[in-house]
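K.L.:
Sequence:
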Amino acid sequence: FQGRQAARAVHFLLAGYLVLFLIVHLVMVVLSGPINNMRSMITGRYRIKGAQR
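Under this note's numbering, the first residue of the sequence shown carries the number 23, and numbering increases by one thereafter.
Note that these hints are calculated values from the structure, not bench results. No residue lacks a Cβ here, since even glycine has one placed at the ideal position from N, Cα and C. It cannot be assumed that every hint is accurate.
Simulated restraints on C-beta separations [claimed, not checked]:
| no. | residue 1 | residue 2 | range |
| --- | --- | --- | --- |
| 1 | H33 | N59 | 31 to 37 angstroms |
| 2 | S62 | L40 | 43 to 49 angstroms |
| 3 | I64 | L40 | 26 to 32 angstroms |
| 4 | R69 | V46 | 24 to 30 angstroms |
| 5 | Q74 | F34 | 29 to 35 angstroms |
| 6 | P56 | R30 | 32 to 38 angstroms |
| 7 | A28 | R69 | 31 to 37 angstroms |
| 8 | Q24 | L48 | 42 to 48 angstroms |
| 9 | G72 | V52 | 20 to 26 angstroms |
| 10 | Q27 | R67 | 53 to 59 angstroms |
| 11 | N58 | Q27 | 32 to 38 angstroms |
| 12 | G25 | I45 | 45 to 51 angstroms |
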């Protein structure tokens, strides 16, 4: 690298990408239905809306 400023710039960009990665993945979890997904991991059954018991 070319000194402190370059290291700061690289660190800032990588930190921004990490935050963006985290936000995108949290949005995907929320949109997928976290309660139903957690239930299916614990019980092995996935609830489908409108399905008969």
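K.L.:
It remains to establish, for every hint, whether it holds in the given structure.
P.N.:
Hints versus structure:
1. Range check, H33 to N59: Cβ separation about 34 angstroms, and the 31 to 37 angstroms hint holds.
2. With their beta carbons about 29 angstroms apart, S62 and L40 fall outside the hinted range of 43 to 49 angstroms.
3. The hinted window of 26 to 32 angstroms between I64 and L40 holds, with their beta carbons roughly 30 angstroms apart.
4. The hinted window of 24 to 30 angstroms between R69 and V46 holds, with their beta carbons roughly 26 angstroms apart.
5. Remark: the range hint 29 to 35 angstroms for Q74 to F34 is contradicted by a beta-carbon distance near 54 angstroms.
6. A hinted range of 32 to 38 angstroms for the beta carbons of P56 and R30 is consistent with their spacing of about 36 angstroms.
7. Separation of A28 from R69 is about 52 angstroms and departs from the stated range, judged on CB atoms against 31 to 37 angstroms.
8. Checked against the hint of 42 to 48 angstroms, the C-beta distance between Q24 and L48 comes to roughly 35 angstroms, which is inconsistent with it.
9. At about 22 angstroms, the CB distance of G72 to V52 agrees with the hint of 20 to 26 angstroms.
10. Taking 53 to 59 angstroms as the suggested C-beta distance range, the pair Q27 and R67 conforms, at roughly 55 angstroms.
11. The hinted range of 32 to 38 angstroms is not satisfied by N58 and Q27, whose Cβ atoms lie roughly 48 angstroms apart.
12. Evaluation of the 45 to 51 angstroms hint for G25 and I45 yields a failure: the beta carbon distance comes to about 31 angstroms.
Checked against the numbered hints above, the structure violates hints 2, 5, 7, 8, 11 and 12; every other hint is satisfied.
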